[in-house]
Amino acid sequence: MTGMGAIFWREVRLAWAGGGGPAGPAAFFLAAITLAPLAIGPDPDLLAAAGPGLMAFAALLSVLQSAERLYGEDFADGTLDLYALLPLGLPLLSLAKTLGQGVATLWPLPFIALLGGLMYGVPPLPSLMLAAAMAAAIPALVLLAGFAGALAAGVRRGGLLIALIATPMMVPVLIFAAGAGRAGFEGDERALANLGLTAAVSLGTIALAPFGIAAAIRSRLG
Amino acid sequence: MLSQTADFPEMTPFEPVSLAVDGVSLSRGGLRLVSDLGFALTPGEALLLTGANGTGKTTLMRALAGLVRPDAGQVRCDRPVEDAIAWLGHSDGLKPGESLRLALRFWADIHGTSRKAILPLMRQLDIVPLIDRPAGQLSRGQQRRAGLVRAALANRPVWLLDEPAGPLDGAGRDRLARLVAWHRGRGGVVLAATHQTLDWPDVKHLALKAAA
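Protein sequences appear in the order of chains A and B. Residue numbers for the first sequence follow my numbering, beginning at 1 and rising by one. Residue numbers for the second sequence follow my numbering, beginning at 1 and rising by one.
No lab work stands behind these hints, which were simulated from the structure alone. Incorrect hints may appear among the rest.
Stated by the list, open to error - Stretch-level coverage of chain A by chain B, calculated; a stretch enters the list once three of its residues show a Cβ under 8 Å from a Cβ in chain B:
1) 75–81
2) 85–96
3) 151–160
To be verified - Far from chain B by the CB rule (all over 12 Å, computed), these chain A residues:
4) A17
5) L30
6) L35
7) D43
8) D45
9) L47
10) L61
11) Q65
12) L115
13) E189
14) F211
15) R218
16) G222
Claimed, not checked - Facing chain B, from chain A, some residues (calculated, C-beta under 7 Å):
17) A6
18) A49
19) L221
All C-beta atoms, glycine included, are put in the ideal place defined by N, C-alpha and C.
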């Protein structure tokens, strides 16, 4: 467990030191939700109705956007070889590493989603629901991106591969997280159920994805 | 300065460990590189692996570390790989934006080695003044020295070093030789792939030849 803590904090530190921390995904997310209304048009009802779905969709894309770095850099600089030789084992290691990256780079997303919801004219409570759903979705999103990133580590044009692998697997999280925000906006009591399902997908991903990431790393190193 | 005479850190000798390779065959990208190779190393021994480019030195080292599965034969070590191997590959495993201090602390912690060992080892490789520099600002040779410190901090009995002296200058090679002698003195085993002639005392040699 101490090993997991060391890996987690190193990832957090490295994300700030070399990668600009949360700036990349946050800027991408902000740009997406600021530009969308310009394309959709100024109708307030339409914007408020589209807001939750748009927010969840933009968050998914901003997670994907940084997925290539997640394992690609460790593969290129030899760190992955060293990690594979640690007694901690690759599944726990990849869980700590991926969540460390997720926490360090994606923490602003729920806050931006909250502000974004208000900006789109979604009332405060449904906006909060949307932000909570976003927070619940982040572990699943980042681990799935990590799995795709590990499979694509060291592959040329890995970004394309990541998009093809991760996008279909992210469908359930997208549906539940956006559903929580949408149902909240419509005053539907299914909002909480959707939030619960989002959290359930995240927990399931936490339990399963590390083994997938570990196997992907092994096959990339071999 | 003390750097010339300073001692190596106090670290206990290793439990005896042996490494044996039996009838190992390896291939890379469908091409057979090594066939039916066998050797054994006992505590304190060192083996220099030589051979032209592409004869399978790195692949053999990766097989010893358990990163590559041999086509045939087996690598036997009386301890699990994670508790036996310290690895220094082509790349040094350093992060360009991370200072040596933070990087080496991390590697010491994760291997359960005391942080007190960091400075004496850095002194041995003459990189103490670089401790707060990000690895990306170091020269290749300085990075290699830092990689050697990292491998030593792993406190594992079997060192697998891929071209350890590649970017090192003459003084660096002497320091590498001293580091290796210290490790062997603790009962460690060293296996190094090299193109350079390393005049380490009392070493075995193994030359890999291009497959027919």
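Each hint, compared with the structure:
no., hint, verdict
1, 75–81, "holds (count 5)"
2, 85–96, "holds (count 5)"
3, 151–160, "violated (count 0)"
4, A17, "violated, 4 Å"
5, L30, "holds, 24 Å"
6, L35, "holds, 31 Å"
7, D43, "holds, 46 Å"
8, D45, "holds, 47 Å"
9, L47, "holds, 40 Å"
10, L61, "holds, 26 Å"
11, Q65, "holds, 20 Å"
12, L115, "holds, 30 Å"
13, E189, "holds, 47 Å"
14, F211, "holds, 17 Å"
15, R218, "violated, 8 Å"
16, G222, "violated, 5 Å"
17, A6, "holds, 5 Å"
18, A49, "violated, 44 Å"
19, L221, "holds, 5 Å"
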